[in-house]
Amino acid sequence: DAEITQSPRHKITETGRQVTLACHQTWNHNNMFWYRQDLGHGLRLIHYSYGVHDTNKGEVSDGYSVSRSNTEDLPLTLESAASSQTSVYFCASTTSGVPTNEQFFGPGTRLTVL
Amino acid sequence: AQSVTQLGSHVSVSEGALVLLRCNYSSSVPPYLFWYVQYPNQGLQLLLKYTTGATLVKGINGFEAEFKKSETSFHLTKPSAHMSDAAEYFCAVSEQAAGNKLTFGGGTRVLVKP
Numbered sequence: 009d010a011e012i013t014q015s016p017r018h019k020i021t022e023t024g025r026q027v028t029l030a031c032h033q034t035w036n037h038n039n040m041f042w043y044r045q046d047l048g049h050g051l052r053l054i055h056y057s058y059g060v061h062d063t064n065k066g067e068v069s070d071g072y073s074v075s076r077s078n079t080e081d082l083p084l085t086l087e088s089a090a091s092s093q094t095s096v097y098f099c100a101s102t103t104s105g106v107p108t109n110e111q112f113f114g115p116g117t118r119l120t121v122l
Numbered sequence: 006a007q008s009v010t011q012l013g014s015h016v017s018v019s020e021g022a023l024v025l026l027r028c029n030y031s032s033s034v035p036p037y038l039f040w041y042v043q044y045p046n047q048g049l050q051l052l053l054k055y056t057t058g059a060t061l062v063k064g065i066n067g068f069e070a071e072f073k074k075s076e077t078s079f080h081l082t083k084p085s086a087h088m089s090d091a092a093e094y095f096c097a098v099s100e101q102a103a104g105n106k107l108t109f110g111g112g113t114r115v116l117v118k119p
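Residue numbers (this note's numbering), protein chains in the order written: chain B, 9 to 122; chain D, 6 to 119.
You may find that some hints are simply not true.
Stated by the list, open to error - Calculated pairs, DSS-like style, for lysine-lysine (alpha carbon to alpha carbon, straight line, at most 27 Å):
#1 118/D / 74/D
#2 73/D / 65/B
#3 63/D / 74/D
#4 54/D / 74/D
#5 106/D / 73/D
#6 65/B / 106/D
To be verified - Here are some chain D residues the structure puts well away from chain B; computed CB gaps all over 10 Å:
#7 21
#8 54
#9 78
#10 85
#11 106
#12 117
Unchecked claim - Pair by pair, the computed Cβ-Cβ distance ranges are:
#13 24/B / 76/D: 44 to 50 Å
#14 59/D / 61/B: 39 to 45 Å
#15 71/B / 59/D: 29 to 35 Å
#16 65/D / 70/B: 19 to 25 Å
#17 24/B / 59/D: 31 to 37 Å
#18 10/B / 63/D: 22 to 28 Å
#19 44/D / 104/B: 33 to 39 Å
#20 56/D / 20/B: 37 to 43 Å
#21 30/B / 45/D: 47 to 53 Å
#22 23/B / 45/D: 44 to 50 Å
#23 24/B / 60/D: 50 to 56 Å
#24 88/D / 62/B: 39 to 45 Å
#25 69/D / 25/B: 30 to 36 Å
Read the hints as simulated data drawn from the structure, not as lab findings.
Virtual Cβ for every residue (Gly too), placed ideally from N, Cα, C.
Please model the complete structure; the sequences and the hints are all you need to start from.
As structure tokens, then:
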């Protein structure tokens with residue numbers, strides 16, 4: 009069955025370190041998204057991609073970057089981790105061109121920055 | 006810009022009682038509306054969505070929602086709560102011009118009492 013996976017599921021890091029969170033989907037979806045989930049804020053969009061070599065900034069993109077070298081993967085990099093980036097991160101994907109299609113979410117990565 | 010407001014960050018209901026979760030949105034164009042559910046330590050999964058047509062939408066697990074354009078609302082209901090409904094629920098909106106990007110509300114956590 010097609011799926012979307014994230015790794016690691018839990019990560020503890022120190023302030024100033026570079027961290028990369030992996031997202032891999034086997035749906036063959038063109039559109040991929042990264043969100044962070046914080047209490048009271050719901051999910052907020054960090055970055056998104058509509059296809060290979062395409063990346064776009066979302067609502068809360070400062071301090072984060074993504075790259076899309078193939079259809080299946082959209083890794084999220086925290087250039088220099090800050091305590092404010094402690095959060096739960098979700099990756100999602102969907103087919104392109106149809107805004108009514110649901111997004112499929114990964115299980116999330118809980119990141120703690122000390 | 007789109008925005009979504011969920012009234013009440015926590016809702017407590019008795020098993021067998023009505024579940025009512027409120028969602029109001031702002032959008033400059035007719036929106037597409039979604040309800041997602043998140044069970045503990047899991048990603049989000051789609052409950053139901055409104056795109057066009059019938060304003061009363063039925064979803065999985067006995068949930069339904071009604072789109073009311075005049076009230077800019079998309080409230081979620083279930084006639085009889087079950088213990089398994091304990092979860093966090095998110096309302097989200099997307100616009101055709103925004104591609105597949107979703108804007109989420111802050112979420113409502115539902116507690117079901119026996």
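Can you list which hints this structure breaks, lowest number first? Violated hints: 1, 2, 8, 11, 15, 16, 17, 19, 21, 22 and 25; rest satisfied.
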